[in-house]
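Participant: Sequence:
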Amino acid sequence: MEKDLGFIQKHDIRWKGEENVPDNYTLSTVLKACAELQLLKHGEILHGFLWKHEKIRLDLFVGSALIEFYSKCGEMSDASKVFNEFEKPDVVLWTSMVSGYEQNGYFEKAIAFFSRMVVEEGVDPDRVTLVSLVSACSKLMNLKLGRSVHGFVVRRGFESELSLVNALLNMYAKTGIVKVAENLFRMIEVKDVVTWSSMIGCYSRNGAAVESLNLFNEMINKGCRPNAVTVVSALQACAVACDLDEGRRIHELATKRGFELEVSVSTALTDMYMKCLSPDEAVNVFRKMPGKDVVAWVALLSGYALNGMAHKSIGIFKDMLCSGVQPDAVSMVKILASSSELGILHQAKCLHGYVTRSGFNNNAFIGASLIELYSKCGSLDYAIKVFEGIIDKDIVLWSAMIAGFGIHGRGEEALKLFHRMVKSSTARPNDVTFISILSACSHAGLLLQGIEIFHMMVNDYGLHPGSEHYGIVVDLLGRTGELEKAMDIINQMPVPVEPHVWGALLAACRIHHNVEIGEVAAKNLLCLDSNHAGYYILLSNMYGVDGKWGNLAKIRTLIKEKGLKKMIGQSMIEIRNEVHSFVADDKLHPECEKIYELVGQLEISLKLIHHPDIGLIGSSQTTLSGKGTCSWFRPSETLSPALIRTKERLSLPWFSSLEQ
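Every number in the working numbering is 42 more than the matching position in the sequence shown, counting from 1.
Where hints are given, some of them may not hold.
To be verified - No farther apart than 30 angstroms at their CA atoms in a straight line, the calculated lysine-lysine pairs in the BS3-like style are these: (1) Lys354 <-> Lys376; (2) Lys604 <-> Lys565; (3) Lys391 <-> Lys376.
I should point out that these hints are in silico values taken from the structure, not numbers from a laboratory.
Start from the sequences, fold in the hints, and give me the full structure.
Facilitator: Set out below in structure tokens:
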């Protein structure tokens with residue numbers, strides 16, 4: 043390519059004198075060099091020269107090179123002008139335009155141009171044209187059109203063209219049609235690395251991690267060398283399956299093949315280690331990564347939040363900005379989500395200011411993330427301001443605001459907003475919207491309204507409730523004491539009953555002292571997941587509340603035998619922009635003695651010394667307040683430092699890791 047550009051500079055003066063005019067092949071080669079290097083000015087000089095040589099300019103080979111040049115430089119309007127100069131463009135010119143529109147993100151125009159080519163002009167497409175068309179359908183997630191193109195491919199006899207079949211396979215993978223992708227994959231006799239990578243990626247993107255990793259190993263066993271794309275898909279499958287050992291093995295393979303330092307592979311490794319709860323290994327990969335892009339930074343940032351270290355996420359965000367990398371809309375959503383785990387209002391306001399300065403204000407997904415952030419920071423007023431400030435509200439925003447009201451127990455307002463949306467908005471409620479409004483009804487104990495909403499979802503909107511919707515309805519019925527009806531709902535569920543559904547019923551049985559139904563719930567729950575400490579503790583709580591000490595002792599013994607440990611509950615409180623976190627019987631705070639002295643006073647004032655619910659597993663011990671009691675965690679322990687540190691009245695946001 044450098045020789046081609048040297049040719050331009052060497053012959054520039056001679057061209058002006060009409061001497062030594064290069065031939066069509068030479069000009070096309072130089073134009074392709076300009077296209078690859080995106081040297082717009084050099085290419086335009088060549089195009090200007092061609093205006094003096096109409097015969098060369100209207101050569102189909104040169105015309106195709108010009109269109110490709112302008113397309114790769116992102117100048118599709120100029121590419122279109124070149125195309126329109128030809129009275130009878132051939133398939134190569136048509137294909138150059140279709141490919142150009144597809145590569146520049148004008149997918150609808152690519153499809154429209156193809157239609158004009160075939161239907162209006164009667165030009166038969168070739169393999170390259172169809173690959174670009176299938177790619178456009180894939181990026182638009184237009185499965186209906188993609189299937190039509192597949193039929194066209196078969197009718198025209200292109201089904202044996204591997205590059206085209208790979209494009210179809212990739213389309214079905216991206217649109218989640220796994221079975222069709224599987225059938226197509228099996229039909230391909232000679233598979234290349236793209237074929238294998240597309241199917242491995244199809245499985246990993248659609249949650250079939252085991253199938254993805256099995257296929258990856260089969261590919262290697264059959265002697266096909268994976269490329270960076272294959273490795274990324276396999277690592278994504280490891281992340282989905284939380285398979286740390288397999289992830290490490292693939293990491294070793296990537297290192298041997300020289301892929302480890304490619305940004306896409308390093309990012310996938312960082313993400314995999316974070317999702318497999320090995321943040322130290324993730325950080326080691328990240329530090330070695332050259333040329334970190336925004337996706338890599340966000341993988342680390344999100345990973346810290348996932349591993350319960352959201353406070354580190356904000357530091358990573360600051361480091362990212364200092365390195366000169368600016369977040370895009372997608373990464374900004376993840377940054378806001380990480381911050382919501384902390385619930386620090388001051389930090390939320392700072393991030394909101396950054397969003398405004400960066401011009402993201404009208405992005406619906408960022409708006410929804412801000413609403414969630416403010417809601418979790420205890421500032422519903424700010425959440426409402428964000429919501430009302432966005433003129434074109436889509437269903438994502440409505441759902442986020444409804445959820446915000448629900449988090450704060452303001453079910454009536456959530457219902458009003460839901461009905462306002464239905465009456466005055468073009469937004470149509472979806473599965474997420476109904477999860478938000480049903481949760482709001484459940485938290486507020488609005489049984490009749492919640493059941494009405496559930497029926498509306500099915501009868502008025504034709505949506506099929508999933509396990510999460512049923513779980514919320516069971517929780518709603520359980521909170522209001524309708525345990526038999528909750529059991530009936532579970533027995534009639536058309537979808538598999540997941541652990542959280544039985545968990546909701548068991549929790550309700552503890553509250554309402556129904557051991558009979560509770561034991562049924564516990565039996566089913568432990569069949570689904572026998573190693574979750576929280577479920578055993580729910581059951582023991584129920585026995586403790588009901589005075590069944592023998593059964594409680596058996597559960598305690600079972601927990602010890604299985605070596606199960608419950609995640610320590612952690613609560614946090616923000617005092618003057620500083621977050622203080624606490625666990626039960628925490629003795630690490632610098633003002634520990636003062637806090638527990640005040641805890642004792644609060645216990646007396648709130649009459650919590652002899653709490654009736656002693657179901658929590660813990661040994662009887664003497665607290666720092668000097669009273670014997672069961673060791674449970676109280677909001678008073680969290681509020682104590684606030685009362686010590688603040689003389690004046692303040693609004694103090696408090697939140698618990700077990701409640702979020």
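Participant: Would you mind marking each hint as holding or not holding in the structure?
Facilitator: Hints, verified against the model:
no., hint, in the structure
1, Lys354 <-> Lys376, "14 angstroms, holds"
2, Lys604 <-> Lys565, "17 angstroms, holds"
3, Lys391 <-> Lys376, "16 angstroms, holds"
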